[in-house]
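Peer 1: Heads up: the sequence lines are chains A and H, in that order. The working numbering applies: residue 1 is where the first sequence begins, and numbers increase by one. The working numbering applies: residue 1001 is where the second sequence begins, and numbers increase by one.
These are computed hints drawn from the structure, not numbers from a lab. Just so it is clear, the structure is predicted and the values come from calculations on it, not from any experiment. Any given hint could be a false lead.
In silico lysine to aspartate or glutamate, DMTMM-like type, Cα no more than 25 Å apart, as pairs [what the hints assert, rightly or not]:
no., chain 1, residue 1, chain 2, residue 2
1, H, Lys1094, H, Glu1030
2, H, Lys1097, H, Glu1085
3, H, Lys1083, A, Asp100
4, H, Lys1086, H, Glu1030
5, H, Lys1083, H, Glu1030
6, H, Lys1119, H, Glu1008
7, H, Lys1083, A, Glu102
8, H, Lys1086, A, Asp100
9, H, Lys1084, A, Asp100
10, H, Lys1086, A, Glu102
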Amino acid sequence: MLENSIGPVPLQAYLIVAAFLFCTGVWGLINSRNAVRVLMSIELMLNAVNINLMSFSSYIDGSIIRGQVFSIFVITVAAAEAAVGLAILLSLYRNRVTIDMESFNLLKW
Amino acid sequence: MNIAYSTELICFLILSAVIVAGSLAVVLLENIVYSAFILGGVFMAVAGLYLLLNASFVAAAQILVYVGAVNVLILFAIMLVNKKEKLTSIEGLKTRKLISSGVCGGLLILLLRVSITTKWNLPGPTSIGEEATERIGEHLFTDYLLPFELASILLLMAMIGAIVLARREVSIPTDDINVLKNKKSLSDKKIPLLSENSLK
Chain A
1 MLENSIGPVP LQAYLIVAAF LFCTGVWGLI NSRNAVRVLM SIELMLNAVN INLMSFSSYI
61 DGSIIRGQVF SIFVITVAAA EAAVGLAILL SLYRNRVTID MESFNLLKW
Chain H
1001 MNIAYSTELI CFLILSAVIV AGSLAVVLLE NIVYSAFILG GVFMAVAGLY LLLNASFVAA
1061 AQILVYVGAV NVLILFAIML VNKKEKLTSI EGLKTRKLIS SGVCGGLLIL LLRVSITTKW
1121 NLPGPTSIGE EATERIGEHL FTDYLLPFEL ASILLLMAMI GAIVLARREV SIPTDDINVL
1181 KNKKSLSDKK IPLLSENSLK
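Could you put the whole structure together from the sequences, leaning on the hints where they help?
Peer 2: Written out as structure tokens, the structure is:
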């Protein structure tokens, strides 16, 4: 439980911050109507996952640090995702002159 | 509790407060330009958490990639598509917000319960601290070599894809094509390259 940690900050504190960040990202992803804000929410969720990986890597896997390598890969994929996502957004904005998520309903049945 | 412990605790509290308040502001603020700048602050605070976790290399990578690249990219996208548009109201938006708030709150409670009640295998092996950068390099060039190379291919694909998607289709006006075709006839007309006034 909370007592058996070494440092002043227990592992659970990092997990709680990451859980809050992830839930905020999910809420923003569902409720944003601006398409740029949706991409920002996705970045928030990826950061929450990274905090989890880093805290586990420091507290439980302190000698091999596989979590840090994984979080570097996650940062790489997030950068690629942001570039492609914003390019898609620009071409969408060029075709239908809006960035309202509710008007992108071509695939709706 | 010595001074190092209390400093670490205070730093953690400040950084987590910045992260929580900043993420709420990113999602809830009306003006999206403010949201983008606050998102940069949240990324910096996450990099501070990485520093507290003895991971200086990943903290530097976080600042370079997120604050330096992704945030600037988001700001440029906002600048390119920034149009004050009147959003048409949709029926059921309030209901959707309420239901999604319930779902996200439930997810938060579930995650908190899991993280608190699980018996983590603590304390683990002692952290290697400042040797982490060398160890990451060893990992990237031995047992994680294949994902490392695949990440480079992924970045190349993302770059080409972004260029192809965001490129504006340029159409050459037909007059210019006709001019190119009639180049020979132009040269037959004996138009002087320099006007006579400039020769004097």
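Peer 1: Compare the structure with each hint and give your call.
Peer 2: Structure-based check of each hint:
no., hint, in the structure
1, H/Lys1094 <-> H/Glu1030, "17 Å, holds"
2, H/Lys1097 <-> H/Glu1085, "21 Å, holds"
3, H/Lys1083 <-> A/Asp100, "11 Å, holds"
4, H/Lys1086 <-> H/Glu1030, "13 Å, holds"
5, H/Lys1083 <-> H/Glu1030, "14 Å, holds"
6, H/Lys1119 <-> H/Glu1008, "24 Å, holds"
7, H/Lys1083 <-> A/Glu102, "16 Å, holds"
8, H/Lys1086 <-> A/Asp100, "10 Å, holds"
9, H/Lys1084 <-> A/Asp100, "11 Å, holds"
10, H/Lys1086 <-> A/Glu102, "13 Å, holds"
Figure legend: structure checked against the earlier numbered hints; every hint is met.
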